[in-house]
Structures are given as structure tokens and as C-alpha cells.
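Enquirer: Chain order of the listed sequences is A and B.
Those letters in the first sequence? Residues 1 to 249, by my numbering.
Those letters in the second sequence? Residues 1 to 267, by my numbering.
Among these hints, one or two may not hold up.
[To be verified] In silico lysine-lysine, DSS-like type, Cα no more than 27 Å apart, as pairs:
#1 Lys212/B / Lys71/A
#2 Lys78/A / Lys77/B
#3 Lys119/A / Lys35/A
The set of hints was computed from the structure by calculation and includes no laboratory data.
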Amino acid sequence: MSLDKNTLVRLKDAGIKQDEKWLVKGVSLEVNRGKIITLIGPNGSGKSTTAKIALGIYKNYEGSVEKFTNKIGYVPQKISIDWTLPLRVADFMVLTENLSADEIEEALSLTGVNHLVNKNLGNLSGGEFQRVLLARAISKKPDLLVLDEPVQGVDFTGEIALYELIKKISEKLNCGILLISHDLHMVMSATDHVVCLNGHVCCSGSPTDVAKDKEYKALFGDQASQTLSIYEHKHDHEHTDDGKIKQKN
Amino acid sequence: MFDDFFIRALVAGIGVAFITGPLGCFVVWRRLSYFGDTLAHSALLGVTIALSLEFNIALSVFITASVIALFLIQLQKKTNLPGDALLGLLAHSSLGIGLVAIGFLSFIRFDVMGLLFGDILAVTTNDLLVIWIGGILILLTLGFIWKPLFASTVNYELAEAEGLKPDIAKAIFTLLMAAVIALSIKMIGLLLITGMLIIPAAFARNLSDTPKKMVLFSIIGGLLSVFLGLFSSLKFNTPSGPSIITAALILFVISLFKIKQTIKLKN
């Protein structure tokens, strides 16, 4: 088997059928090292399903899925933690990988939640939990990061910071990122390749190409392609976790 | 002061507490208490099979419980019945078949009460060897699958996506459950063994904020229950298995006060 060293996962004509109905069909895509590929599409268009096929969570898929790495970090869209589990953030961080206290601290600092390390997971707010999820996924320095709506519930400025972090991570770790999001204009600036799904691949290409695509306009409306300007960061200061302005060093 | 049989009972009880402590935590976390009950009920069938074929009892119980577990998984795939209904179906039908089979084994003198409620005071040195060697093997195996099992207990999809193979861990855990029941049925009895799995773990939950602490406290709770239960059984001449479970319940009730205190502190 000859393979491109930089390819981490490759889907060819992949799809999944449930009760004679296709959840998603004919998806071909490749996640490469150092690149961010974004899946967009309306609710129920098969974004999460496609990610789960790529991850090997769904096994009864059609088509072919080739994975070239086992070092994977995953932020699922939905996750509920049972209260019967006494689980602190620190315990959750080492769920699939053994990390030192320093590594845990470092990853949590990146997403701005290192002060929560000894808190019970059940007592976090939605946004805090999302930051912990992201920290956990990047802490194991994966080759492939799959992020399913990674900033849901995070406040607006936090959202921007996290997207910038995701971009930084992909450069620093030289990992491939499969990102799922519905907030188009936020995502697009950082993305190398966009796949627009609606049960099948509507269109794909660079963000600017996709924005011009007729199918994309049909799916999201004209306005969406206008809002799809590259986001410019006008915020000239950063906040600490308690909302104060962070001093620049 | 103590007779040999009492020392043997203590050593057996300590062994049981060490095994049921960690496994009990997983039973609570994964909501498997009724599943444990079902496997325990099937043990009666295992014992009758062993007696009629003159086969090792512990091994026969282990095999029967494993077969029932496999059967359950198949039923879950093939029917639309909810899980608890299937568990009830298997639990009571295997108990029924077991009791019917005992009726046919009239030529063997048979202590049904001992089987239902355990007779820890009757353990032999041989039993002790089986418990301790089997127990060490069970704990080593659990340690080996801890990471994937715990990760998939928290979230199956995370464990699967990040390559931990949770299905294999789950299958091994099911076998461990069958093994624990096979080892402790003689001591605690098939109606009470799930109690020994759940009550110390529930006690531990009230006192712990991390998974490892909960396992530790669960073992401690089990050990205390065995000591308290056995000594009171000696003093008040009460049946040993039920005394151990009663002691565990008392510990659990005490641990509830600790929760009240922490809630007060938080407010």
C-alpha cells in the first residue's frame, strides 16, 4: 500500500445506512498533517456522523476508511458525565493517556482553565467544561484532532481565543484537524479546506471557493456568503479568567 | 479466643472484600447492579449442574454465569425488550430452573439456605486458596483493563475514538463479574452477593471525590463490614452472610451524615 506520509485519515465514498435510510452518503475527504479541514452543514446533515465514521466509532459504514495514526484527540459534540462518578478535572484529563501534573497544568492553561484542575467535573459550567474537553484532547499531543463543535457554550471573546488556539495548535503540533462547526464566519479564516455537507458532499474547496458556490448559497442563503468575510481581530487586549484585563508581558 | 473456623471465615471475608470493593465500584458506575443480580441467580443453576455431574462448583458457576451473560448480550441484540426486563427474565428463569433441578437431585443432601445466604463459617482451607489465588488473578486482570474500562465508563465514544478498545475491556469485565460470583457464592450467598458489591461502593461514593479514592474506600468499607458482621455474628449468634450485609448498610447510613456535613459546608 503506497500512502502519502502526510495523510492521517482518508474517507473514500464513505456513508452509513440506518434502517434503509442513509444518514450520510458518498463522503470523500482527507485530513492531512498540519491542515485544518472544516465540515459545515445544517442540523442533521451528517457532520458528526462523518466524524464518527472517520474515528471508527461507527463500524457498519459503507465505502472505505483508512486511518494512518492511533494518536487521536476527540472532542465529542455531546457528552454527559454521570454523577455516580466522582471525577475531578484532573482525573478526566488522564482518561485515555497518562500525563504528568505539569502536562495537565500546561494543557489546561492553554484553554484558560488551569484553576479548575481540582474541581468536580459535574460542577463546571458549559463553557468551562468545553474548555476542559478541548484541553484534554490536545494534552496528549495527538496527530489527529477531531473537534465536534468545540466552542459551544463558550462566550464570544473566548470563542475567538479558542479558534486562534486551535490554529496555533495545528501549527505547533503539526497535527491534522477535522473541525465541525456551524458558526461559519468564525471558522473560515483558519481553515484550509471546507467540506459542505447536507447528507452528501454539496461542495468543497477553499473557504472562498465554497462561499461562492451556488449549492452553498442555496443551503445557507445569500447572507451567509456575505458574512463569510475573514474575521479580523479588533480586540486589543486579553482578559484573565475573572474578567480583568490581562497585563501584557 | 477464636476458633479455627472463625479465623478461616475472617481470612475468606477479607479476600472477598478486596475483590468486591473495586468491582463493586464499576457495578455502581456502569449501573450493573441488576446485571450482577442476574448472574448471581444463575449461580444456583451452576451449582446444581456441578453437583449432578460431580464437577467443581466454583468453575461450574463461573461457566454458567458467563453463558448467561453471553445469552443476555444476544437477546439484547435480537429483541426490542428493555434491558431490565431481559435481566429479570434471565434472573428468575435461571433461579426457577435451578430450584427445579435441585428437586430432581433428591439423592444429594443439599443446603439450599447456605447457597442463598452463604455460610462463611463453613469455608475450608481449600476454599481460602481458591479465593485468594482467584482474587489476585481477578484484581490483576482488572488493573490491566482499568484504563479502557474506566474511560469507556465515563464515555464510550471517547474511549473508542482514541483507540482504547472498550468492547474487549467490557467483555473481560463481564467474565470478571462471573468469576467474583463464583468465588464468593459460598461465603455470601447468591441472594446477598450483589449487596456486597454495591453497598460498600455506595458507602465509598459518599466519602470520595476521585475514582481511585472511591475504590480504596470501597475496599475499606467491605473489610469493616466483614469484621463487624463476623464478630456480631459470633456474639449474637446471627447468620454470618446477612450480618455482613447489615454491617455494610450501617456503614452506608453513617456515611450519609458525612454528605450532609459537606453540603452544609458548601452553603
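Enquirer: Now look at each hint and say whether the structure bears it out.
Expert: Hints, verified against the model:
no.: 1; hint: Lys212/B / Lys71/A; result: 26 Å, holds
no.: 2; hint: Lys78/A / Lys77/B; result: 25 Å, holds
no.: 3; hint: Lys119/A / Lys35/A; result: 34 Å, violated
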